[in-house]
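Numbering (full-length UniProt numbering), first residue to last: 1 to 200.
Warning: the hint list may mix true and false statements.
In silico BS3-like pairs for lysine-lysine, Cα to Cα no more than 30 Å straight-line [unchecked claim]:
hint : residue 1 : residue 2
1    : 74        : 177
2    : 119       : 74
3    : 159       : 119
Estimated spans, in silico, between C-beta atoms of each pair [unchecked claim]:
hint : residue 1 : residue 2 : range
4    : 76        : 17        : 48 to 58 Å
5    : 154       : 86        : 40 to 50 Å
6    : 148       : 77        : 18 to 28 Å
7    : 171       : 77        : 51 to 61 Å
8    : 20        : 112       : 45 to 55 Å
9    : 148       : 84        : 57 to 67 Å
10   : 83        : 137       : 22 to 32 Å
11   : 12        : 74        : 54 to 64 Å
12   : 62        : 25        : 16 to 26 Å
13   : 54        : 180       : 34 to 44 Å
14   : 180       : 77        : 34 to 44 Å
15   : 101       : 135       : 18 to 28 Å
Rather than coming from a laboratory, the hints here were simulated on the basis of the structure.
By construction, the Cβ of each residue, glycine as well, lies at the ideal position given by its N, Cα and C atoms.
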Amino acid sequence: MMHLQDYITVLSNYCFDIVIAATTLFLVYLIICFLIKYFRECKESDSNNLEAFQNLHEAIIENDMIKAIHSIRKCPEAVNYLHPLDGYSPFMRACLLGHTQLVNIMLKHGADISLKSSKGETPFYLAIFYHIQHPGSVNATCIRTLYYAGCDINATNAKGFTALHLAASFGHINLVKWLLSKGHNDVAQLLQNLELPALE
């Protein structure tokens with residue numbers, strides 16, 4: 001026969017088990033609520049980032065500074081997102097289109113100067129290409145901006161060509177001279193392979 005003390009002990013253990021179970025359920029509920037909120041915010045953030053990325057690409061193509069700046073402020077990391085179709089980031093596209101002001105703004109917002117497109121083109125290579133394609137443009141500030149930002153002028157694309165190769169293949173003497181004056185690696189390689197007759 002159970003005594004009152006035994007009933008109290010059993011009841012106390014039972015109540016303790018109920019409290020533990022309720023606490024566990026409450027913690028599981030809180031974790032689920034947190035995860036739901038987190039994934040909603042991530043989805044919303046991804047949606048906002050995608051929108052900013054698309055708006056930034058459009059703004060660069062249209063040369064719309066206000067729209068571009070708004071998109072960069074909304075999502076600064078979008079300057080380095082690679083477009084799934086052509087493999088260019090908004091920063092690369094600004095270099096390809098010679099938009100020096102946008103290039104400067106993007107550099108201040110963390111643009112990656114060493115990022116390469118799906119074809120291995122760097123922002124510097126693309127800026128050189130723009131300058132070659134627009135011979136009437138005497139303004140090479142985009143190229144100089146990228147150079148002084150620390151771009152590797154010796155970087156090669158997927159086919160192994162550098163900016164110097166590009167400039168030389170199009171016969172752009174001024175760019176070739178400028179790249180050589182900045183210490184392009186090809187100069188050192190050319191000098192090593194060059195056999196000059198001895199002076200008499």
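To see whether the hints hold, each was checked on the structure:
1. 74 x 177: violated, 40 Å
2. 119 x 74: This hinted pair holds, its Cα atoms lying about 29 Å apart.
3. 159 x 119: Roughly 8 Å between the alpha carbons, so the hint for residue 159 and residue 119 holds.
4. 76 x 17: 48 to 58 Å: Hint holds: Cβ distance 52 Å, inside 48 to 58 Å.
5. 154 x 86: 40 to 50 Å: violated, 24 Å
6. 148 x 77: 18 to 28 Å: holds, 23 Å
7. 171 x 77: 51 to 61 Å: Given a distance of about 39 Å, which is not inside 51 to 61 Å, the answer is violated.
8. 20 x 112: 45 to 55 Å: holds, 52 Å
9. 148 x 84: 57 to 67 Å: violated, 31 Å
10. 83 x 137: 22 to 32 Å: Hint holds: Cβ distance 25 Å, inside 22 to 32 Å.
11. 12 x 74: 54 to 64 Å: holds, 58 Å
12. 62 x 25: 16 to 26 Å: This hint is violated: roughly 55 Å between Cβ atoms.
13. 54 x 180: 34 to 44 Å: Roughly 40 Å apart at Cβ, these two residues keep to the hinted range, so it holds.
14. 180 x 77: 34 to 44 Å: For residue 180 and residue 77 the Cβ distance comes to about 36 Å; the hint holds.
15. 101 x 135: 18 to 28 Å: For residue 135 against residue 101, whose Cβ atoms are near 22 Å apart, the range 18 to 28 Å holds.
Hints 1, 5, 7, 9, 12 from the earlier list are contradicted by this structure; the remaining hints agree with it.
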